Amino acid sequence: MARHFDIRAQPGFRIAALFTFVALYLPIVTLVAYAFNADDSVTTWGGFSLRWFADAWGNVAVQDAAWRSLIIAVWAAAIATTAATMAALATTRTGPYRGLAFKYAFINQPLMVPEIVTAVALLIVFSQVKVWTGYSGLGYLILAHSAFCIPFAYLPIRARLESMDLTLERAAADLYATPWVTFRRVTLPLLRPGIIAGFMLAFVISLDDVVITEFVKSGGQDTLPTYMLGQLRRTVTPEVNAIATAFLALSVVLVTIFFFVNRRKT
Amino acid sequence: MASAAEIARQGRRDEIRSRWLLSAPALIIIFAAAIGPLFVMLLYSFMVRGDYGDVKFWQFSLDGWFSVLFERDIFDDTLQLADAHLSIVWRSIRLSFITTVFTLALGFPTAYFIATRPRHTREIWVFLVTIPFWTNLLIRTFAMQQVIRNEGILNSLLRFSGIIDEPLQIMHTDWAILFGMIYIYLPLMVLPLYASMEKLDFRLIEAGYDLYAGRMRVLRRIIIPLVSPGIIAGSILVFIPSLGAYVIPRVLGGGKNMMLGNLIELQFGAGRNWPLGAALSITLMVLVMLALLVYVRNASRSGVQHG
Chain A
44 MARHFDIRAQ PGFRIAALFT FVALYLPIVT LVAYAFNADD SVTTWGGFSL RWFADAWGNV
104 AVQDAAWRSL IIAVWAAAIA TTAATMAALA TTRTGPYRGL AFKYAFINQP LMVPEIVTAV
164 ALLIVFSQVK VWTGYSGLGY LILAHSAFCI PFAYLPIRAR LESMDLTLER AAADLYATPW
224 VTFRRVTLPL LRPGIIAGFM LAFVISLDDV VITEFVKSGG QDTLPTYMLG QLRRTVTPEV
284 NAIATAFLAL SVVLVTIFFF VNRRKT
Chain B
13 MASAAEIARQ GRRDEIRSRW LLSAPALIII FAAAIGPLFV MLLYSFMVRG DYGDVKFWQF
73 SLDGWFSVLF ERDIFDDTLQ LADAHLSIVW RSIRLSFITT VFTLALGFPT AYFIATRPRH
133 TREIWVFLVT IPFWTNLLIR TFAMQQVIRN EGILNSLLRF SGIIDEPLQI MHTDWAILFG
193 MIYIYLPLMV LPLYASMEKL DFRLIEAGYD LYAGRMRVLR RIIIPLVSPG IIAGSILVFI
253 PSLGAYVIPR VLGGGKNMML GNLIELQFGA GRNWPLGAAL SITLMVLVML ALLVYVRNAS
313 RSGVQHG
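Top to bottom, those sequences are chains A and B.
Under my numbering, the first sequence has 238 at position 195, and the numbering climbs by one with no breaks.
Under my numbering, the second sequence has 180 at position 168, and the numbering climbs by one with no breaks.
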């Protein structure tokens, strides 16, 4: 037989893989399609329309929630990235020292515990603090988000630091640059791609959070995800699809930028 | 005068101190909003429940932990196993296990498919898996809901093709939760599997065929053993979040088909039993830690780096 024998092929794998890709995208495509439905329901197709996007855009509750989501995500990502950059500088480019393993475990802890567990633990503590201090602003949400964003921001920054060339900093020190000037003019510019990647990861993670926000928020502090969760209890109109579609578009844009920024680096 | 060794030691001490100062903000934030509250919760699990939620401070009791397993009969005060809780714990473990098996069954061929593409197209396939992974979990759950409900696309397809006459009731059953979890955690299985398949040395497979092994045998005796670190990593990455799932069973399972996450929420809401809720949370955390421990032990035995 002259037929080419492909050693890489396995029977049925290609079909299973294609099924997986269809299954991954079919629900999202359906969701997006119904956002453009002219009909009042998410079950029957009534023609193409942008009315639900207009409705969502004009909905004060949605505007509020979207604005709040953005404020929290920007603050949390900024705080988490700053703290993570400092922590990364403290935990890389050194021999092992006492407490290093402890720091790793501490920084990665939010990844190890189920979100619902952290959420109820925060509910317990923050509800008490709210009574004691009388403060019930966005600070709690920003603090909680900063905490679970730190491991995500830390990852790319640490990776960047570890692959960085030490000789440039030594050269700066040899040329009588103070440690601060060396950091400002040499380390930080070299570290920038890692910091940007860390910030974007933290931003997306904060923007997406449902569970911890749901338990920590005070009355009237809905973010876009918790607003949508609340809406799902009622009869759903394509307005929720429209909000979800806009949200999806934002995530996809951010992830695509992240992907290409990271690719150019390597 | 200080000796050179002393100066070096002093310098090292200073360096370690500044390293602690540098990491302080991250450690403090995580302590304040993640680790610290877990300890408070542990304390709460040993207190007496308050009448309207919360606890009675500094009145200790083991009731919270006790009622994880047992409940007192309302009439004659006898003890019996808390069937409701145990069946929810069991359901969480069972559904998470089934989810892991199904994601592996779909994820393995998918990762293999990506790993056998030409080098320049692989990135695009990986990117296609990454996009759903980074999109909002709630939105994907909601998307799944629109697929599987009675008037959804799945039922329409099945009816159109004449397989069924009446729509299948999938929503608000364990099936709905399974569909949702498999769909949502699939990328978590594909990515680590792909990471270990990418390194697969196809000369070994060629050698297998040269020695007259069939396809099945090559798969079982060469490919699977070589990528087993990826299989273990993927399984743990799927199993752990499945065990702690909260949004998926809440949206797809309806009120009746709870998992551990929903049972915990119930205790802090309508159940008004914070000590029980705290005890259940710690139980869930311990289950997750056990799964992680299995992973770490396996990883170190097969000599793989963490990750």
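Everything labelled a hint here was simulated from the structure, so no lab data went into it.
Watch out, some of these pointers could steer you wrong.
[Unchecked claim] Here are some chain A residues pointing at chain B (derived, C-beta under 10 Å):
#: 1; residue: 86
#: 2; residue: 122
#: 3; residue: 133
#: 4; residue: 301
Keep in mind that this is a model prediction, so the values were computed, not measured.
Ideal placement from N, C-alpha and C gives every residue a C-beta, glycine not left out.
Results of checking the hints against the structure:
A cut of 10 Å between beta carbons decides the hint on residue 86 of chain A: the least distance to chain B is about 4 Å, and the hint holds. At a threshold of 10 Å, the smallest CB-CB gap from residue 122 of chain A to chain B is about 7 Å, leaving the interface hint in force. Interface restraint check: residue 133 of chain A against chain B, minimum CB-CB distance 4 Å, threshold 10 Å, status holds. Residue-level restraint check for residue 301 of chain A holds (minimum Cβ-Cβ distance to chain B is 8 Å; threshold 10 Å).
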